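Colleague: The lines below spell out each chain.
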Amino acid sequence: MPRLEDHPIVQREWDNPFRFTYAGSPVTAFPGDMISSALFAVGIRVFGHHPKDGAPQGLFCANGQCAQCLVIADGKPVKACMTEARPGMIVEPVDGLPTLPARDSADRMRDVETRHVPVLILGGGPAGLSAAIELGSRGVDVLLVDDKERLGGKLVLQTHRFFGSTEAVYAGTRGIDIGERLARDVRALSNVEVWLGSTALAVFGDGAVGVLRRGQYTLVRPEVLLVATGAREKSLVFSGNTLPGVYGAGAFQTLVNRDLVKAADRLFIVGGGNVGLIAGYHALQAGIDVVGLVEALPECGGYKVHKDKLARMGVPIHTSHTILSANGREAVESVTIARVGERFRPVPGSERSFACDTVLIAVGLDPVDEFLRSAREIGLPAYAAGDAEEIAEASAAIFAGKIRGLEIARALGRAADEVPDAWRAMGEILKSKPGATCGESADDAGDGVVPIFHCTQEIPCNPCTSVCPQDLIHIDEVDIRGLPTFHGGEGGKACIGCDRCVSVCPGLAITLVDYRKDRETPTVTLPMEFGLARPAIGGEVVVLDTEGAEVATARVEAVRPSDRTLLVRVRLPRAIAQRAAGLRVQAPWVGAPLPEAVEPLPDEAIVCRCERVTAGEIRALIERGIRDINELKIVSRAGMGACGGKTCTALIARLFREAGISPREITEGVRRPLFVEVPLGVFAGVEEAKP
Amino acid sequence: MTPRAYDAIVLGAGSVGVPTAWAMARSGLSVLVLDPFASPGQGSNKTAIGGIRATHSDPAKIRLCLRSLEIATTWREAHGDDIEWTTGGYSFVAYAPREEKLLKDLLVTQKRYGLEIDWHDADALRARIPSLRREGLLGGTFAPGDGHCSPLLFGHAMYRQARSAGAEFRFGEPVTAIEVAGGRIRGVATDKDSYAAPLVVNAAGAWARDVGALVGEDHPVRPDSHEGGITEPVAHFLDPMVVDIRPAPGSANYYFFQLATGQIVFCITPSPNIWGFDRRETSAFLPMVAKRMVDLMPVLANLRVRRTWRGLYPMTPDGSPLVGWSRATRGYFAAVGMCGQGFMLGPGLGELIDRVVRGAPTSGDDEILELLSPYRAFAGQEALK
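Here the protein sequences come in this chain order: L and H. With the numbering used here applied, the first sequence covers 2 to 692. With the numbering used here applied, the second sequence covers 19 to 403.
Treat the hints as calculated values from the structure; they're not laboratory data. Source: prediction; values computed, not measured. One should not assume that every hint holds.
[As the list claims (entries may be wrong)] These stretches of chain L come out as covered by chain H in the derived footprint (C-beta under 8 Å, 3 or more residues):
(1) 76–82
(2) 203–215
[To be verified] Counterexamples of contact, computed for chain L against chain H with all Cβ distances above 12 Å:
(3) ASP7
(4) GLY55
(5) GLY140
(6) ASP178
(7) ALA184
(8) ARG411
(9) GLU491
(10) ALA576
(11) GLN587
(12) LEU595
(13) ALA606
(14) ARG638
(15) MET641
(16) GLU678
(17) LEU681
(18) ALA685
Heads up, the beta-carbon is just placed ideally off N, CA and C, and yes, glycines get one too.
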């Protein structure tokens with residue numbers, strides 16, 4: 002699978018390629034590549050086979066959370082997604098249990114260092130960075146740790162323009178650019194120390210937080226802890242759910258938008274929330290066919306503008322459908338879906354299969370809250386912001402971090418001011434779910450220039466109001482969830498056709514109809530963020546309406562880039578000019594089903610990926626009367642594997658719910674440190690000879 | 019309403035309570051087991067690391083553990099399910115003359131009680147444990163009959179056997195009162211119900227002192243907390259349980275072994291003791307134990323730790339359990355103060371308790387009861403903890 006050297010939004014250096022070996026064969030990588038990305042880039046998706054049942058193993062979270070991508074690098078077991086490839090590295094797949102590399106003598110061992118800090122922030126994403134800025138600018142010393150090599154958290158994966166408030170959270174700017182901006186602000190603060198490549202391992206009973214920093218272990222003792230660790234992706238139970246090629250939307254975005262690997266050819270998405278919808282859009286930007294998207298509910302849960310955007314590009318969205326199975330022996334070859342009837346049960350006979358090599362699971366997020374819970378249990382003053390506290394959009398996390406920062410500064414006696422009510426109100430608005438949807442309004446006066454808002458659902462978003470040089474676009478300033486309205490002619494001002502609202506709209510939901518030259522065939526300006534399918538002037542494009550229905554075929558009159566958004570101008574008859582909302586990107590046949598539905602392999606859905614425990618085994622134990630998760634672990638080993646129950650805990654809870662067991666009857670499992678597995682030599686302070 | 023009546027009530031569904039109830043149920047007694055936790059083994063049993071050895075210095079422990087070993091070793095043949103038993107042996111290693119002398123002296127007692135155990139010089143020991151650091155190694159004892167199993171599976175397997183033999187278990191029911199009339203046990207009340215029985219066995223582990231207080235007994239048992247951990251699984255490279263009894267700052271000794279499923283389980287004995295019920299993981303444990311383990315066995319440096327936990331050792335003044343009838347209250351039997359060895363003593367002890375309460379102790383049992391009498395004078399400490 003090739004590298005994305007001409008991604009429309011993201012660029013990367015392609016200098017100094019080097020080689021390492023995988024299973025004896027050379028693999029080319031670029032500086033900064035994780036082992037997993039380099040392997041994906043040459044089409045290797047199976048990294049080994051599970052010791053219990055020989056099931057193929059590969060990438061799953063791409064985020065250092067699970068342990069599915071284990072490989073042996075220079076003799077040592079490591080996570081391929083978190084280990085940078087190095088020239089000459091010898092990487093081997095893991096088939097069965099790994100053998101420890103021989104080692105005869107103990108090197109010198111140093112003592113573990115202890116650091117005292119006023120504030121420790123776990124996570125350098127939108128929430129952690131904002132909090133660090135708020136605290137740092139008030140003179141509070143902060144240590145911020147993040148397990149990646151770059152600040153920004155998941156912002157570094159977000160190539161699209163952000164929703165929210167322009168004033169409060171940089172809405173209208175691309176997520177990657179917001180991440181850069183926050184990171185720059187943090188670096189400018191001398192009292193904020195940043196540790197990259199540093200993973201928090203545990204909040205111990207004595208109040209110390211163990212941090213693994215580039216292979217060296219440190220105990221940090223904070224006065225206040227801020228947990229801004231974000232979220233982990235929920236998983237789903239279906240046949241074939243652990244086949245290589247089935248993974249979380251975040252994992253996919255990491256491969257495609259961070260590492261610029263074309264990680265799939267044909268993608269299928271499960272889940273119609275914002276994460277799934279945006280992942281689909283990102284796939285199209287990377288030139289990956291999106292075969293379809295299933296959503297169990299009758300409507301997608303994400304923003305309508307995201308859904309419309311995807312639909313307009315030609316992606317079939319199957320609402321009221323569910324995934325039955327991912328099919329294939331060593332990796333995904335197809336997916337089988339079915340319509341859901343009552344109580345979300347699949348309707349027999351409605352099964353359809355689609356050829357694809359990748360299935361993205363985007364069925365929601367769970368807070369990464371174990372550090373918060375541990376801290377609260379031992380009475381360490383602890384706060385949470387962003388997804389670690391409550392799952393919401395990144396814009397909400399930016400603002401929550403700011404509020405939490407001020408709260409902590411106050412708690413430490415370093416700030417006198419209360420959190421303003423307006424902040425709290427904005428914080429709530431940014432977290433709000435989509436509101437009412439109304440029909441599109443038409444204004445067919447046939448005069449001048451008119452922006453058309455294909456934005457019909459109340460969401461917290463206002464960039465369009467801030468860019469209009471004539472101040473003709475209005476949204477309620479206090480509650481930015483209202484729909485935009487155009488006030489052409491007010492105060493004698495008229496739209497000058499500057500296109501700024503068209504290019505800034507995160508939903509690509511504003512078009513501009515210009516009647517000035519030709520009332521009967523006005524020009525329509527449509528936004529587009531694709532380099533790969535860049536329309537040529539004079540070329541033919543298929544114009545679609547908001548929902549993706551074909552409106553017309555037109556010739557491109559002009560293409561103008563505006564910060565990586567292309568503004569495409571076409572001429573359309575007056576009767577349909579205002580309906581035009583976008584241009585087709587993907588051919589209709591991409592989403593066609595296979596002639597016959599593929600029967601799932603007789604492989605039971607896996608609940609615990611690490612220990613390969615099936616849903617059937619768990620259901621039988623529930624049936625036998627087990628209600629204590631700790632006992633369930635003892636008997637089945639579910640949750641006792643490498644990831645520490647990160648994926649299966651929520652799935653097990655769901656199986657209990659399905660069996661009609663009230664949560665009150667269930668005893669929660671004990672969570673133990675560590676967050677990730679760490680070699681004994683690191684705790685021992687072994688001073689390895691540097692390579 | 020008359021409370022439900024049983025022949026015996028066992029307080030605690032842990033390392034001692036479960037095998038005791040199982041043995042009694044097999045003998046035809048009607049048994050009720052009450053436990054405040056939500057499922058079996060949730061007190062300290064599940065925190066055991068899984069080793070079973072007869073290589074003790076105390077003859078009572080040697081006898082009880084020989085029987086426990088027999089039960090564990092034959093489990094699969096007897097019951098069909100797998101507790102992952104491995105007869106890998108136990109090795110106490112010596113890197114200094116103090117340990118060499120101590121271990122060699124003990125061999126005399128151990129052999130007297132029929133233990134198969136021998137001294138290996140450094141090279142012989144390295145032949146059994148090739149990854150052991152050679153530098154400074156003087157040798158060590160090796161007892162081939164000892165071994166280890168999955169502590170989680172063994173505890174639960176006995177629980178299932180106990181249930182199918184007819185023992186009744188009630189979880190989430192802390193005992194609130196033990197009914198006594200005329201100097202005799204009458205039954206037990208919990209926060210939910212009350213149950214009648216002429217016999218109560220206190221097998222409440224770390225919580226035994228509180229339970230004993232309900233009948234006015236003051237068992238000198240107080241918990242001290244030990245920390246343990248487990249690694250990722252790797253290909254088999256280690257047979258025996260390795261015990262290093264050299265004291266070092268923070269720990270009196272430490273030990274580790276490789277489970278049949280490939281993980282290394284490790285544990286320390288803290289020094290000084292950490293008294294109390296606190297079971298939250300400490301930040302000091304991993305750096306301390308890792309240094310000691312990597313120093314002893316350099317190959318472990320690249321082995322990744324998966325998780326850690328703490329478990330409670332119900333300690334007695336002399337390091338040996340308190341087992342026997344109360345002289346004050348008829349029908350009250352104490353099986354407390356296992357000092358962290360309940361997991362390995364339990365299976366043998368459960369059968370002994372069953373014989374004793376049915377009035378059929380063997381002469382060996384009498385000898386053990388004398389040694390472990392709750393009324394003994396506490397003098398000294400056992401040599402090999």
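Colleague: Each hint should be assessed against the structure and marked as holding or not.
Modeller: Status of the hints after comparison with the structure:
Coverage of the segment 76–82 of chain L by chain H holds in this model, with 3 residues showing a Cβ closer than 8 Å to a Cβ of that chain against a need of three. With 6 residues having a beta carbon nearer than 8 Å to a beta carbon of chain H, the segment 203–215 of chain L meets the requirement of three or more and the stated coverage holds. With a closest Cβ-Cβ approach of about 40 Å to chain H, ASP7(L) is found to remain outside the 12 Å limit, as its non-interface label requires. With 12 Å as the threshold on Cβ separation, the claim that GLY55(L) sits away from chain H holds: the shortest Cβ distance comes to roughly 15 Å.
Every C-beta of chain H lies more than 12 Å from that of GLY140(L), the closest at about 29 Å, which supports listing it as non-interface. Non-interface call for ASP178(L) relative to chain H: holds, since the shortest CB-CB distance, roughly 37 Å, exceeds 12 Å. Consistency note on ALA184(L): stated as away from chain H, and its beta-carbon is indeed over 12 Å from all of that chain's, at 30 Å minimum. Against the 12 Å criterion, ARG411(L) stays outside the reach of chain H, whose nearest CB is about 28 Å from its own CB.
Listed as a non-interface residue, GLU491(L) keeps its Cβ farther than 12 Å from every Cβ of chain H; the least gap is roughly 65 Å. A cut-off of 12 Å between C-beta atoms confirms that ALA576(L) is not in contact with chain H; the least separation is 67 Å. No beta-carbon of chain H comes within 12 Å of the beta-carbon of GLN587(L); the shortest separation is about 43 Å. In this structure LEU595(L) is separated from chain H by more than 12 Å, as the shortest Cβ-Cβ distance comes to about 40 Å.
The non-interface label for ALA606(L) is consistent with chain H: the shortest C-beta to C-beta separation is roughly 23 Å, beyond 12 Å. The beta carbon of ARG638(L) is not kept farther than 12 Å from every beta carbon of chain H, the shortest such distance being approximately 8 Å. A beta-carbon of chain H comes within 12 Å of the beta-carbon of MET641(L); the shortest separation is about 8 Å. With 12 Å as the threshold on Cβ separation, the claim that GLU678(L) sits away from chain H is violated: the shortest Cβ distance comes to roughly 4 Å.
The claim that LEU681(L) is not at the interface with chain H is violated, since a C-beta of that chain comes within 12 Å of its own (minimum 4 Å). Against the 12 Å criterion, ALA685(L) falls within the reach of chain H, whose nearest CB is about 4 Å from its own CB.
The structure shown violates the earlier hints numbered 14, 15, 16, 17 and 18.
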